Amino acid sequence: MAGSGESSRAGHVGITTALKFRIERRKRQFRAIRKRRELTPVADRTGQIGPKAILAFLTIRNEKPRLPYFLDYYRALGVDHFLFVDNGSSDGGAEYLADQPDVSLWHTDAWYRESRFGTDWLNWLKFRYGHGHWTLTLDPDEFLVYPYCDTRPLPALCGWLDQSDIRTFGTLLLDLYPRGPLSAETYREGDDPFAQAPWFDAANYMISKNHKYGNLWIQGGPRARAYFENAPHQAPSLNKIPLVKWNRKFAYVSSTHMLLPRGLNRVYDEAGGEKATGCLLHAKFLDTLADKAAEEVERRQHFARGREYDAYYLKDEGTEGLWTPWSKRFEGWQSLETLGLMSKGNWA
Amino acid sequence: MSVGFVMMAHAALDRAAQVALHLADQGCPVVIHVDKRADAADFFDLVRRVSGQPRIHLAPRIACDWGQWSLVEASRSASAYLLAHAPDVRHVYLISGACLPIRPVSELVAHLDANPDTDYIESVTIEDVTWTKGGLSEERFTLTFPFAWKRQRRMFDLWVQAQRRLGFRRKTPDGIAPHMGSQWWCLTRKTLQGILGDEKAPHYDKFFSRVWIPDESYYATLVRRHARQIESRSLTLAKFDFQGKPHLFYDDHLGLLQSSPAFFARKIWPGARKLYGAFLGTQQPKARRRVAQSEIDRTFAAAVARRTTGRPGLNNAGRFPSASFEGPLTAAPYAVFHGFDDIYRDFPDWVTSNLGARTQGHLFSPESADFADGTDHSAGGLTAATRLRDYNPEAFLANIIWSAHEAYPAFLFAARDNQKITGFLARDPNASIAVISGAWAMPLLRSGKPVQALRRQAARLQQREVRMMELLRERRTRARVRIWSLADVLNAPAEPLRAVLEDHSVPGAAALTIMPSLHDMDALAAFLTELRNIGMDPHTAGPVVLPQEPLDRRNAQELG
Numbered sequence: 001m002a003g004s005g006e007s008s009r010a011g012h013v014g015i016t017t018a019l020k021f022r023i024e025r026r027k028r029q030f031r032a033i034r035k036r037r038e039l040t041p042v043a044d045r046t047g048q049i050g051p052k053a054i055l056a057f058l059t060i061r062n063e064k065p066r067l068p069y070f071l072d073y074y075r076a077l078g079v080d081h082f083l084f085v086d087n088g089s090s091d092g093g094a095e096y097l098a099d100q101p102d103v104s105l106w107h108t109d110a111w112y113r114e115s116r117f118g119t120d121w122l123n124w125l126k127f128r129y130g131h132g133h134w135t136l137t138l139d140p141d142e143f144l145v146y147p148y149c150d151t152r153p154l155p156a157l158c159g160w161l162d163q164s165d166i167r168t169f170g171t172l173l174l175d176l177y178p179r180g181p182l183s184a185e186t187y188r189e190g191d192d193p194f195a196q197a198p199w200f201d202a203a204n205y206m207i208s209k210n211h212k213y214g215n216l217w218i219q220g221g222p223r224a225r226a227y228f229e230n231a232p233h234q235a236p237s238l239n240k241i242p243l244v245k246w247n248r249k250f251a252y253v254s255s256t257h258m259l260l261p262r263g264l265n266r267v268y269d270e271a272g273g274e275k276a277t278g279c280l281l282h283a284k285f286l287d288t289l290a291d292k293a294a295e296e297v298e299r300r301q302h303f304a305r306g307r308e309y310d311a312y313y314l315k316d317e318g319t320e321g322l323w324t325p326w327s328k329r330f331e332g333w334q335s336l337e338t339l340g341l342m343s344k345g346n347w348a
Numbered sequence: 001m002s003v004g005f006v007m008m009a010h011a012a013l014d015r016a017a018q019v020a021l022h023l024a025d026q027g028c029p030v031v032i033h034v035d036k037r038a039d040a041a042d043f044f045d046l047v048r049r050v051s052g053q054p055r056i057h058l059a060p061r062i063a064c065d066w067g068q069w070s071l072v073e074a075s076r077s078a079s080a081y082l083l084a085h086a087p088d089v090r091h092v093y094l095i096s097g098a099c100l101p102i103r104p105v106s107e108l109v110a111h112l113d114a115n116p117d118t119d120y121i122e123s124v125t126i127e128d129v130t131w132t133k134g135g136l137s138e139e140r141f142t143l144t145f146p147f148a149w150k151r152q153r154r155m156f157d158l159w160v161q162a163q164r165r166l167g168f169r170r171k172t173p174d175g176i177a178p179h180m181g182s183q184w185w186c187l188t189r190k191t192l193q194g195i196l197g198d199e200k201a202p203h204y205d206k207f208f209s210r211v212w213i214p215d216e217s218y219y220a221t222l223v224r225r226h227a228r229q230i231e232s233r234s235l236t237l238a239k240f241d242f243q244g245k246p247h248l249f250y251d252d253h254l255g256l257l258q259s260s261p262a263f264f265a266r267k268i269w270p271g272a273r274k275l276y277g278a279f280l281g282t283q284q285p286k287a288r289r290r291v292a293q294s295e296i297d298r299t300f301a302a303a304v305a306r307r308t309t310g311r312p313g314l315n316n317a318g319r320f321p322s323a324s325f326e327g328p329l330t331a332a333p334y335a336v337f338h339g340f341d342d343i344y345r346d347f348p349d350w351v352t353s354n355l356g357a358r359t360q361g362h363l364f365s366p367e368s369a370d371f372a373d374g375t376d377h378s379a380g381g382l383t384a385a386t387r388l389r390d391y392n393p394e395a396f397l398a399n400i401i402w403s404a405h406e407a408y409p410a411f412l413f414a415a416r417d418n419q420k421i422t423g424f425l426a427r428d429p430n431a432s433i434a435v436i437s438g439a440w441a442m443p444l445l446r447s448g449k450p451v452q453a454l455r456r457q458a459a460r461l462q463q464r465e466v467r468m469m470e471l472l473r474e475r476r477t478r479a480r481v482r483i484w485s486l487a488d489v490l491n492a493p494a495e496p497l498r499a500v501l502e503d504h505s506v507p508g509a510a511a512l513t514i515m516p517s518l519h520d521m522d523a524l525a526a527f528l529t530e531l532r533n534i535g536m537d538p539h540t541a542g543p544v545v546l547p548q549e550p551l552d553r554r555n556a557q558e559l560g
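As they're listed, the protein sequences go chains D and H.
Read in order, the letters of the first sequence are residues 1 to 348 in the UniProt record's numbering.
Read in order, the letters of the second sequence are residues 1 to 560 in the UniProt record's numbering.
What the hints contain is simulated information worked out from the structure, not anything from laboratory work.
Some hints here could point you the wrong way.
[What the hints assert, rightly or not] Capping the alpha-carbon separation at 35 Å, the derived lysine-lysine pairs in DSBU-like fashion look like this:
hint : chain 1 : residue 1 : chain 2 : residue 2
1    : H       : K190      : D       : K52
2    : H       : K245      : D       : K209
3    : H       : K190      : H       : K200
4    : H       : K36       : D       : K249
5    : D       : K245      : H       : K36
6    : D       : K52       : H       : K267
7    : D       : K245      : H       : K200
[As the list claims (entries may be wrong)] Partial pick of chain H residues on the chain D-facing surface, computed with a CB cut under 8 Å:
hint : residue
8    : S70
9    : K206
10   : H247
11   : G318
12   : R319
13   : F320
14   : S368
15   : A372
16   : D373
17   : L388
None of these values were measured; they are calculated from a predicted model.
We put the beta carbon where it would ideally sit given N, CA and C, even for glycine.
Using the sequences plus the hints, can you model the full thing?
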């Protein structure tokens with residue numbers, strides 16, 4: 001019972017356009033390869049990586065409190081090895097990571113901004129170690145959920161994607177927030193962040209298509225309504241493609257919002273059907289955000305996002321914070337699927 | 001023992017060994033064929049595991065290619081081996097290494113003992129097969145396929161096209177009519193011996209060795225020559241997705257598998273510990289009420305519907321219909337009332353009570369989105385902020401309708417509102433749009449300002465209205481549209497309301513029982529005349545004339 005594979009190629013384009021994108025992709029790869037010099041290995045356990053290992057790639061800076069829960073979450077989900085770039089942490093996070101048995105760690109003091117917010121460093125590590133593997137590219141405050149994730153770990157998802165000839169898995173970055181001001185509760189190392197920040201917006205997302213790269217551009221959620229109601233075009237992008245069967249010909253263009261070649265961005269159906277997708281639960285809105293915002297405003301490292309941090313820094317949140325009477329409480333993947341924030345697609 | 005198994009294994013050999021041992025422990029002989037391409041270390045591990053069990057045999061290994069003759073060769077030789085070495089076997093059941101017995105073997109044995117002469121094999125004539133994908137059904141038999149579909153796709157496609165263009169056709173040998181069906185059969189010794197020992201076997205084998213995916217047709221076709229009694233169904237539960245790829249079963253399918261009437265299921269995800277534990281454990285899971293196959297099919301039919309049709313009105317990371325999509329743009333039907341609240345007093349209340357709707361105000365008002373309860377936020381987390389709304393009004397409306405679960409959604413609209421949404425409304429088959437053209441004049445009239453000062457504004461509003469009506473009258477408009485002019489309403493004020501009730505199929509619609517009172521329109525004719533006199537033609541309002549008698553009395557008469 002054969003069928004044509006789930007084609008994820010973008011529509012036919014002229015040869016000049018195709019060439020232009022190929023040149024752009026090569027440029028990014030060379031950039032990534034060049035940027036490898038900025039990375040010094042601290043703990044290299046990449047020898048442990050087996051042929052079927054699922055890998056996670058991250059850049060961190062002063063995020064120690066988040067690390068224990070993060071690692072446990074993804075270990076339980078089925079990540080076999082973590083590859084971290086430490087961008088000059090001074091809170092002991094690097095030492096903590098270096099001691100973990102399934103972590104490889106690199107250090108850099110180079111500028112985050114110059115590395116396009118870590119994309120170049122991680123592109124290099126994926127080029128070197130990710131080829132042929134299912135790879136997750138994440139921030140330490142992003143937690144992947146997908147249909148059936150409570151009974152089917154990542155190897156099940158990746159196996160199904162392989163069988164279906166699908167190379168990329170799309171997600172919505174779903175901001176979760178507490179009820180009340182961020183400072184009301186203190187996040188302690190190892191805590192489940194969503195015990196503290198379980199609320200989300202169910203249906204205020206706006207989508208348009210990025211015709212250049214063929215990806216969807218999703219905005220909205222609590223950040224758009226609370227911080228960008230007068231400048232919606234600046235509201236952060238919520239479309240992410242964090243899970244990719246990596247090939248060294250691939251490159252992320254900006255964060256994990258889009259990739260080259262462009263066919264990898266076709267994680268959605270345009271004829272009315274639903275492709276299987278997940279959510280990246282975003283545990284950004286904790287009391288730690290205030291310090292982070294202050295630090296980032298000071299450093300001015302998040303270039304485009306500088307404005308965003310200004311907004312968090314300056315905005316008075318009021319007594320309810322981001323919460324509204326319409327906010328929904330996170331209770332598992334099922335309700336996210338019912339609400340339409342993710343899709344089971346063809347996975348039954 | 002009445003049943004023996006032939007197992008085709010190529011991956012997850014540890015699971016294959018586990019299942020084989022389970023079957024052998026129940027007293028059934030098992031012949032395992034391991035693909036020659038399988039990992040060598042995994043193979044030796046399997047050998048080590050099963051070597052202590054005398055009922056398990058290993059067939060000579062053949063390198064198998066998906067969709068190729070090698071698979072049939074392998075199952076043929078393994079079947080022959082089983083028949084020769086287990087003389088008391090009456091039924092041979094072909095399974096794969098990814099199959100799992102989902103009912104006790106004793107139940108299977110009892111079932112086969114009760115039907116000793118029946119062959120269980122799906123065998124359908126090619127005209128009746130509905131599940132072939134990729135457009136190849138009859139052509140599987142009439143073309144040749146020297147290239148591996150999985151590894152040499154481009155050559156495969158080119159070769160098929162070339163043969164089509166040249167009109168190449170192979171002849172089907174005499175004595176057989178091509179049938180197809182699931183590979184996983186359970187045949188009687190007699191039938192299987194007939195197939196394997198057929199005097200014309202070399203002839204047929206030569207034919208089938210060039211058929212595409214012969215494992216789905218070889219036995220299904222030849223069984224028709226030898227069987228006495230065929231039950232054309234597989235005893236193995238196997239589901240396929242919209243592309244013809246097998247669905248996998250996971251731990252969360254336990255309940256579903258327990259209620260299936262089938263004896264085996266495939267494919268099982270090798271990591272499904274709970275399933276393997278439950279069905280291969282010493283303690284069989286409690287039998288559940290067996291349901292009809294159709295009930296299980298429904299779960300998987302839903303997956304196909306989701307992947308191909310999706311939930312109407314949903315936009316997310318996995319569904320974003322293109323601009324040329326012709327289906328509904330929103331999740332459910334809804335009503336738009338253009339200009340009505342400028343004519344009828346307390347119109348939202350009338351809609352709410354007569355249509356059972358949840359009536360929002362002017363959602364696209366330039367001041368702020370006027371939600372039903374007058375709050376700043378609405379279901380889903382939307383806010384009344386206009387910039388955010390106008391940044392993507394289509395998403396805004398789709399979100400409103402998506403979140404409106406309890407009641408029929410309705411909202412007010414007018415020429416003074418942001419018009420960016422009108423194209424979307426016109427294209428959406430869920431929209432039911434009732435328009436009173438010229439209603440823009442009413443708020444101007446009520447403002448009490450001199451006509452001279454209102455002229456520009458009047459012209460602009462009318463222009464917007466004209467543009468919208470052009471959209472609504474376009475041929476590709478899929479919304480349901482009703483249009484009255486202001487003059488129509490003055491002549492018969494109850495008419496639009498009656499039509500609205502009728503359109504929304506409210507029982508007893510013809511008898512309009514509650515008539516909202518009208519805004520004061522006595523000065524309207526004079527106002528429009530004055531506009532005309534200073535050079536602006538309020539044509540969308542229609543020919544409004546001075547009423548002969550006060551409107552209120554006429555209402556009373558009309559309602560009778």
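(message) Would the hint on R319(H) be counted as holding, given a Cβ-Cβ threshold of 8 Å to chain D?
(response) holds (4 Å)
(request) For the pair we were handed, K245(D) and K36(H), check the Cα-Cα distance against 35 Å. (result) Holds, at about 27 Å.
(message) With the threshold set at 35 Å, check whether the alpha-carbon distance from K36(H) to K249(D) stays at or below it.
(response) Given that 35 Å is the threshold and the Cα spacing comes to 32 Å, the pair holds.
(message) Quick check on the hint: F320(H) CB to chain D CB, less than 8 Å?
(response) It holds, given that the least Cβ distance between F320(H) and chain D is near 5 Å, below 8 Å.
(message) Check whether the Cα positions of K245(H) and K209(D) lie no farther apart than 35 Å.
(response) OK: K245(H) and K209(D) at ~30 Å, within 35 Å.
(request) Closer than 8 Å between Cβ atoms is the bar; does S70(H) clear it against chain D? Give me holds or violated. (result) Check failed: Cβ of S70(H) comes no nearer than 16 Å to chain D, outside 8 Å.
(message) Take the shortest C-beta to C-beta distance between D373(H) and chain D; is it under 8 Å?
(response) Hint on D373(H): violated, closest Cβ of chain D at ~10 Å, above 8 Å.
(request) Compare the distance between the alpha carbons of K52(D) and K267(H) with 35 Å, and conclude whether the hinted pair is satisfied. (result) OK: K52(D) and K267(H) at ~20 Å, within 35 Å.
(message) What's the verdict on K190(H) and K52(D), does the C-alpha distance respect the 35 Å limit or exceed it?
(response) Violated. K190(H) to K52(D) sits at ~45 Å, over the 35 Å cutoff.
(request) Mind checking the CB of K206(H) against every CB in chain D and telling me if the closest is under 8 Å? (result) violated (23 Å)
(request) With a cut-off of 8 Å on the beta carbons, see whether G318(H) makes it to chain D. (result) holds (4 Å)
(message) For the restraint on S368(H), tell me whether the closest CB of chain D is nearer than 8 Å.
(response) Nearest chain D Cβ about 11 Å off; hint violated.
Comparing the model with each earlier hint shows violations of hints 1, 7, 8, 9, 14, 15, 16; every other hint is respected.
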